[in-house]
Amino acid sequence: MISYRSVTKRYPDGTVAVDDFSLEIPDGSFTVFAGSSGCGKTTLLRMVNRMVDPTAGTVTVDGQDVSTHDPVTLRRRIGYVMQNSGLLPHRTVAQNIATVPRLNGMNRRDAEDRATEMMRLVGLDPSMAHRYPAQLSGGQQQRVGVARGLAADPDILLMDEPFGAVDPLVRAELQQQMRELHERLNMTVVFITHEMDEALTLGDRIVLLRTGAQIAQQGTPQEFLTEPADDFVREFLGLDRGQRTLTPRPGPNGSVLLVDSHGRPAGLLKGQTP
Numbered sequence: 001m002i003s004y005r006s007v008t009k010r011y012p013d014g015t016v017a018v019d020d021f022s023l024e025i026p027d028g029s030f031t032v033f034a035g036s037s038g039c040g041k042t043t044l045l046r047m048v049n050r051m052v053d054p055t056a057g058t059v060t061v062d063g064q065d066v067s068t069h070d071p072v073t074l075r076r077r078i079g080y081v082m083q084n085s086g087l088l089p090h091r092t093v094a095q096n097i098a099t100v101p102r103l104n105g106m107n108r109r110d111a112e113d114r115a116t117e118m119m120r121l122v123g124l125d126p127s128m129a130h131r132y133p134a135q136l137s138g139g140q141q142q143r144v145g146v147a148r149g150l151a152a153d154p155d156i157l158l159m160d161e162p163f164g165a166v167d168p169l170v171r172a173e174l175q176q177q178m179r180e181l182h183e184r185l186n187m188t189v190v191f192i193t194h195e196m197d198e199a200l201t202l203g204d205r206i207v208l209l210r211t212g213a214q215i216a217q218q219g220t221p222q223e224f225l226t227e228p229a230d231d232f233v234r235e236f237l238g239l240d241r242g243q244r245t246l247t248p249r250p251g252p253n254g255s256v257l258l259v260d261s262h263g264r265p266a267g268l269l270k271g272q273t274p
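Heads up: the sequence shown begins at 1 in UniProt numbering, then just goes up one per residue.
Have a look at the derived ranges for each label pair, beta carbon to beta carbon: (1) Thr220 to Gly14: 34 to 44 Å; (2) Leu88 to Asp125: 12 to 22 Å; (3) Asn186 to Arg131: 24 to 34 Å; (4) Thr226 to Asn107: 46 to 56 Å; (5) Leu88 to Val259: 40 to 50 Å; (6) Pro250 to Ala56: 51 to 61 Å; (7) Ser255 to Pro126: 40 to 50 Å; (8) Ser255 to Ser37: 36 to 46 Å; (9) Pro252 to Asp113: 44 to 54 Å; (10) Leu88 to Asp53: 23 to 33 Å; (11) Pro168 to Pro71: 34 to 44 Å; (12) Thr8 to Asn253: 52 to 62 Å; (13) Thr226 to Val259: 18 to 28 Å; (14) Thr220 to Ser6: 22 to 32 Å.
Since the hints were derived computationally from the structure, they do not count as laboratory data.
The C-beta atom is built at its ideal place from N, Cα and C for all residues, glycine as well.
Put together the whole structure using the sequences plus the hints.
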């Protein structure tokens, strides 16, 4: 379990990124921190692996205060995936994926085998192992980033807007794959996004943040859609603009179409086709 206890982060210029934040993240959950840019969500994420230390309060993992751990050692056992993949340009795909296992003492042959295993896991052809990041598409680079984050078999995977820089079709594929990986590996995922669609797609638990990492609402996707806490939440969801309101209408051949607030087709009701 990851636990934040009365955590505050004040930067030297006086900016308060996080103000008295408390939360517990259950083991095995897929928790999404959502909110606008500057609300403190990335600061919260980076506190877990000590890329950022709190000014006050404590962050614990499995009951142990992370501040008592060496930051480098801590980061080697917690997976981390960032938006622009963060791949080392002078290293091949396989070498990038094998970075943490090698740092943890794994021999070269076993690390290469591990890299191949991770490539298959994230849907990359092992024949790409000797390519360099510049030879990959954006989506492929992000898959390598995920593979690298998983290579040391972490119990916790931190993901900082990892799919924000890829096109919508690739993003949807990556989101689906991430859900499948989470279910398969049963790890704790903490995911950052500023897009509520992504939060609703991925999270089994969503924490929507205001400025200063103040919690506007936390709950399941269903709870957000059916029981928004206030106008701020409704606005972030787009409920006030009718963006998530779908109306059934008769379609061709006895089907039932779902249309949005502008009357545009948004989907087909499952089980209603002839």
